[in-house]
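Taken in order, these protein sequences are the chains called A and B.
So the first sequence is numbered by numbering that gives the first Met the number 0: it starts at 0 and just counts up by one.
So the second sequence is numbered by numbering that gives the first Met the number 0: it starts at 0 and just counts up by one.
Treat the hints loosely; a few may be bogus.
[To be verified] Derived Cβ-Cβ restraints for the label pairs, each shown as a range:
#1 A:Thr154 <-> B:Ser228: 26 to 36 angstroms
#2 B:Glu356 <-> A:Trp226: 27 to 37 angstroms
#3 A:Phe99 <-> B:Ile212: 50 to 60 angstroms
#4 B:Pro103 <-> A:Ala397: 39 to 49 angstroms
#5 B:Pro103 <-> A:Thr154: 48 to 58 angstroms
#6 B:Leu113 <-> A:Gly28: 43 to 53 angstroms
#7 A:Phe99 <-> B:Gly311: 51 to 61 angstroms
#8 A:Leu394 <-> B:Trp210: 34 to 44 angstroms
#9 B:Ile173 <-> A:Leu212: 53 to 63 angstroms
#10 B:Val353 <-> A:Phe99: 56 to 66 angstroms
#11 A:Arg404 <-> B:Ala234: 47 to 57 angstroms
#12 A:Trp226 <-> B:Ser235: 39 to 49 angstroms
#13 B:Ser228 <-> A:Leu394: 56 to 66 angstroms
#14 B:Val27 <-> A:Val24: 49 to 59 angstroms
Calculated from the structure, these hints are not laboratory results.
Quick reminder that beta carbons are idealized off the backbone N, C-alpha and C, glycines included.
Residue strings, one per chain:
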Amino acid sequence: MSSQTALSATIPQTRTGRPSWYWPVIIVGSILVVSTVRVLTGAHDIDSSGALTAAIGMAMPLVLAGLAGLWSERAGVVNIGLEGMMILGTWGAAFFGFHFGPWAGILGAVVLGMLGGAVHALATVVFGVDHIVSGVAINLLGAGAGSYLAVRTFTGLPGGGPTQSPPLEQLPFLSIPGLGDWLQQLETSRTWLVADLAGILRTLTTNVNALTLIAIALVVGSAWLLWRTSFGLRLRSVGEAPHAAETLGVNVLRYKFLAVLVSGGLAGLAGGFLVLVASNLYREGQTGGRGYIGLAAMIFGNWRPGGLAAGAMLFGYADAVQLRGRGDVIHAYLLPIGLFLLGWGIWQLIRRSQGKPMTGVWRIVISLAVLAWFAFTAEVPAEFTNMTPYVATLLVLAFSAQRLRMPAADGTVYRKGEAN
Amino acid sequence: MKFDFRRLALGAAAPVLAIVVALLLTTVILIVAGDPVLAVWQVLFKVPLPRQLVAIVNEATVLYLSAVAVAIGFKMNLFNIGVDGQYRIASFTAAVFAGAHFLPGWLNIIVAILVSIATGALWALIAGVLKVTRGVSEVISTIMLNYIATYLVAYFLKGAAVKVEGSNATSTRILAEDSRVPGIDISWLANTPNKVYGLLILSIVVGFLYWFILNKTRFGFDLRATGQSETAAVASGVNVKRMVVTAMVLSGGAAGLVGMPLLFGQDFAYGDTVQAGLGFAGISVALLGRNSPIGMAISALLWGYLNQLSNGLQIGAGVSDRLVLIIQGIIVLSVVVAYEVVRRARLRLEQGRVARELATIAGPATKEVAA
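Bound conformation, chain B alone (with noise of 0.2 angstroms):
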C-alpha cells in the first residue's frame, strides 16, 4: 500500500512541479521585463467573477473537445497536429449545411453535427491514409492539411458568404432561431445572467465515451497496446495499418465536434472572425492532462481560467495580456519535463523494488549473477 500511495504522489507531482516552475520562470521574466510582479500575480489570483466564470467553463467546453481529439491519436501514437484545420473545415460545412435550413429545428443541429463529425474524419483521413499507404508522417502531413484548410475554406468562405447590412465581416448565413441551442442558465448558482453553452453536455458525453471506448472495449484496448507496443500488437493479432486509419478518423471526427458549442451557442456562423488556433491549445490541454479525460478536463478548465482572468492584465497591472501565453508555453514544457523525469523516477523505483524482491526470494545465489 505505501509503494501505492508513492505512485499516486509522483502522479500528482508532475503537474504540480510543471505549474510551481512556470510561476517562478514567469516572476524572473516579470523581473527582468521590469513589469510589476505583485500586480501581475495579484490580477491572475484573484476569485473569478461570476460572469468570469461561465465564460471559463465555455471556453473548457471547446478545448476539452479539441484535447480529445488529440488524445486520441496520442493513445496511437499519432500526433494529430492537424486538429486545427480540422475542426475549422468542419465547421465551416456543419455551418453551410446547417445554414441551409433543409431540416427543421433540432434535426437541423443533430444532422449538422454529424456533417461536421464526418467532414473532420474525412479530412484527418487523407493524412492516414497518407500514412499507411505512402509512409508520410502524420505530423507533417496534418500541417500542411491545415494550410490548406485555411485556403480551401477561405476561398470557399467567398463563395457561400451572405452580406450583412452595415459589416463588412464575412460570413455564412446565420441560423435562425430555432436552430440554435439555447445556453444552461446558472443564475441560481452564481449570480449572472450569461449561460453556458447548451453543448457542454456534449463535451461531457465525449468525455465519458473516450474513457469508455479506451478502457472498457476491447478495440480501446487495442488501440492502446498499439501506440504502447506496435510489435506486441500485431503479435496479437491487431492490425496496424487499419488501425492507424481508425484512430486518426476518430481523432478528427472529434475534432469536427470542435467548433460545435462555438456555432451553435455564441456565433451562430462561420465566418472570417472564427476563434483560430483551437487545435494547438487542445494539444497543450491534451498533454498537462496527461491524455485522460479527468486530467484533460482540469487543464481546460486552468487554461480557460488563464486566459480569462489575463483579459483584466492591461488594465489591473499594466502588463501586456500576451505574458498568459508565455504561462501557459513554460507550463506546457514544463510539464512534459516533468512527467519524463517522474516516469524515470518511477521506473527506477520500480528496478528497485524488483531487484530487491527477486533478492529476498533467491537469496544472494542470483545476487552474484545479476552483479
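Just chain A, same shape as in the assembly (with noise of 0.2 angstroms):
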C-alpha cells in the first residue's frame, strides 16, 4: 500500500485534465436527457422548481458535511465523527437560535460542532489515536450529549419537549425580484426544455435562504483557500506527506488540529442547516446519518470540492425526490439507465479488439433487467428510493476506486519528529 502510493508519487502526472468543454457538455447534456425523459413518462415533478428546491435543502447538509470532511481529510485525519459533530451542531442552532435569534442559531451550530471537532482532534492530532475509532466515539458522545441536552433545556419550553425543541425563528429567504411569475408561467407550460431550464432558473433565484448562500459560498471559499493560496498547500502537504512538510518548517500538528476545528464547525453548521433551515425545529434523530452521507459524497467527489458538491446534490435529489413521496420520478430515471448501459454494453461489443467481450455482455443483461423494471411497474418502492445513495456510493467505490485518490498520508497518525 504504501510502496504503491510512493511510486505513484515519484512519477509525474501524464494526464493533463479534461478538455475545457467536458462539464459544459455533461451538463447540458444531462438538462436534455431529463427534459426528454419528463415529456416521455410525464412525471414532470422530474426537474419541477419545487424538486430542485426540496433537492438544494437536502443536498446543502450534505454539502457542508462533505466540505467538513474535505477540511480534515486533506490535512490527513479521517473524520468519521461528522455524524456526532453534526447532532451536537443541531442542538446548537436550536438552542442558541431560540434563545437569541437565527443568526445566533448558526454561531451555536458552528461553535458546538468546532467543539467535537476539538475532542477529535484532541484524540487523534495530541494523542495519536486511531481517527476511525476516535469518530466512531465522537458519533456516540455527539448523540448522547445531543439528546442529553435536548432534553435538559427543551423540556417546559411552549412548544418544545425533551426530544423537540420549540419552532424557531426562520432565516430570510432571498429572491431576485420580478422574474418569479415569468419563469413560473414557462414551467407550467411543460413545453420541452423550455420549462426545465426556467424551473432550472426559478430555483436559483427565488426564495433562496441565506444560509444556502452562505454555504456556497464556503464551498468556493473553501476551494479558493485550499487550493490557490500557501495556507492551502501547507494544510494540503500536512495530508499528503507531514514529514516532508515538517522538513520545510510546517508545523504539522498546528495546521492538522485547526484543519479539524475547522471541519467541526462546517460539520455543526450542516446541523444548523437541517434545525435553521429545513425543519424549523429540532427533533432527536434529525441528521439520520447525513454526516456518513456527507463523507460519502466527499469520497464520491474525489476529495475536490466540486466534485462533493456534485456528490450532495446528487444525495439530496434522492433524498428530495422520496421525501416527496415520488417512487415515479426515480421510476422514469430507471429509463435513461437502462438505456445508457445497453448502449455502452453494445459498444464495448462492438470494440472487441479490447479482448473481453464478456464485460459488454452483463451491462447489456443489466439493463434489458432495468428496461424492464421500468417497463413492468409503474413505481419504484419508497425503500429502494431511500437506497439510493448508498447503493450509487458503493457503485461509485466499486467501479472508480481506481481513479479516486485520497491524500497519501490520510488515516495515518502523525507524531513530531518521527521521520525518517
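Now that you have both chains on their own, put them together as the hints suggest.
Take a look at the structure:
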C-alpha cells in the first residue's frame, strides 16, 4: 500500500486533465436527457422547481458535511465523527436560535460543532489515537450529548419537549425580484427544454435561503483557500506528506488541529442547516446518518470541493424525490439508465478488440433487466428510493476506486519528529 | 519479575483510568448543566436488584456477541462498522426461516441459527470482496451496507409481515412454543422469577472459540500476524487477500449471532420494534475490552449495568437517562486515549530496559556508538 503510493508520487502526472468543454457538455447533456425523459414519461416532478428547491434543501447539509470531511481529510485526519458533530450542531442551532435569534443559531451550530472537532483533534492529533476509533466514539458522544442537552434545555418550553425544540424563527429568504412569475409561467407550460430551464432558473433566483448562499460561499471559499493560497498548500501538504512538510518548517500538528477544528465547525453548520432551514426545529435523530452520506459525497467527489458538491447534489436530489413521495420520478430514471447501459454494452461488444467481449454482455443483461423493471412497474418502492445514495456510493467506489485518489497520508497517525 | 508486574499494572491502568476520567468529566458536565451530581451517582452506583441483575446479564450476552464480531475484524486491522447491518439482516432472515417452521423444535432453532450466521457472513462478504478486488475501504462500504440492509429489511418486512390483531406493529410470524429457547432459571441464586437467556451458553461458547481459534491455531496466528504486520505475514506465506475475506466472513458470521438470544429468548419474531444499534455498542465494548475474550465480557457487563441502572435516573434523580450515553462515550474515548498513552509508556519502558541491558553487556563502547 505505502510502496504503491510512494511510487505514484514519483511518476510525473501525464494526464493533463479534461478538456475545457467537458463539464459544460455533461451539464447540457444531462438537462437534455432529463427534459426528454420528463416529456416521455410524464413524470413532471423530475425537475420541477419544487423538487429542485427541495433537492437543494436536502443537499446543503450534505455539501457542508462533505466540506467538513474535506477540510479534515485534506490535512490527513479521517473524520468519521461528522455525524456526532452534526448532532451537536443541531442542538447548538436550536438552543441559540431559540434564545437569541436565527443568526445566533448559526453561530451556536458552528461553535458546538467545533467543540466536537476539538475533541476529535485532541484524540487524533495530540494523543495519536486511531482516527476511525475516535470518530466512532465521537458519534456516540455527540448523540448522547445532543439528546441529553435537548432533554435538559427544551423540556417545558412552549411547543418544546424532551426530544423536540420549540419552533424557531426562520432565516430570511432572498429572491431576485420580477423573475418569479414569468419563470413560473414558462415552467407550467411543460414545453420540452424551455420548462426545464425555467424551473432551474426559478430555483436559483427565487426564495433562496440565506444559509444556502452562505454554504455555497463556503464551498467556493474553501476551494480557493485550499488550492490557491500558501496556507492551503501547507494544509494539503500535511495530509500528503507530513514528514516532508515538517522538514520544510510547517507546524504539522498545528495545521492538523486547525483543519479538524474547521471541519467540526462546518459539520456543526451542516446540522444547523437541518434545524434552521430544512425543518425549523430540533428533533431527535434529525441527522439520520447524513454525516456518513456527507463523507460518502466527499469520497464520491474524489476529495475535491466541486466533486463533493456534485455528489451531495445527487444524493440530496434522491433524498428530496423520496421525501416528496415520488416513486414515479426514480422510476422514470430507470429508462435513461437502462438505455445508457444498453448502449455502453453494445459499444463494448463492437469494440471486441480489447479482448474482453464478456464485459459488454453483462452490461446488456443488466440494462435489459432495468428496462424490464421500467416497463412492468409503475413506481419504485420507497425503500429502494431511500437506498439510492448508499447504493450509488458503493457502485462508484467499486467501479472507480482506481480513479479516486485520497490524500496520501490520510488516516495515518503523525508523531512529531519521527521522520525517517 | 518486577518488570512483569509493572506491565500488568500498566495493562489494568488504562481501563481503570478511563472510567475514573469518565466519572470526573461527567461530574463536570452535571455541574455545568445544573443537575444534581450526588443523586445521579447514588442512582448509578446502587447495587442492582435481582431483576436488574438478570437484565444486565441478558444485555451483556447480546453485546458480547456483537463485540466478538467486531473484535475478529480488529485483530485483522479491519474495522467492521457493518456489524449493525449484518446482525439485523441476519436476524430477519433467521426469523423468517424459523417462523416458517419447516423443521420441528430444536432442529428448527439450530438450522435457523446457521441461516443467521450464513446471512451475516454473506452480507459481510460483500465488503470483503469489494476490499480485495476493488480496493474499497471496508469502513465506508460497511457503513453504506448498513443503510442498504436497513431499507432491504424494511422492504421485505412489509412482504413477510403478519397482521397481529389489535396492534399496528409489523413483525414476522411469531415462533411456536417448541421453537423457543427456554430461559435459565436463577431463582436459586437471586430472588427473581426472571430468567437469563438460554443462549447465554452460545455467548460463552463463542467467547471460548474466539480465544481458542485466535490463540491456539495456526489460522489464528496467521490472522493476528496479518493484522500486526502485513509484510511479515506475506513473507511467512500468508495470502493476505484470502485472509481479509475470511476475517470479514467470520466477523459477519459472528454478527449473525447477535440477534439470536433476542429472537429465541425474548421477542420470538423480528419486527420493526427490534433493538437497533447493537453493532455500534459492540464496537465500544470491543474497544474497552481490548479485544480480549475476558476483557470484552467484563465491559459487556459494565455496559449492561450502566444501561440498566440508568433507567432509574429520571425517577431517582430527575435527570435524563441519556446521560448514560455521554458516560459511555467518554469511557470509550478516554480508554482509547489511555491505551495509546500506556502503549507509548510501555514502549519507552522497554526501550529503556533494552538500552540498559545492552549497556551492561557491551560496556561503554556501545554507548558511544549509540550516542
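Under the constraints set out in the numbered hints, which ones does this structure not fulfil? 1, 2, 7, 11 and 13
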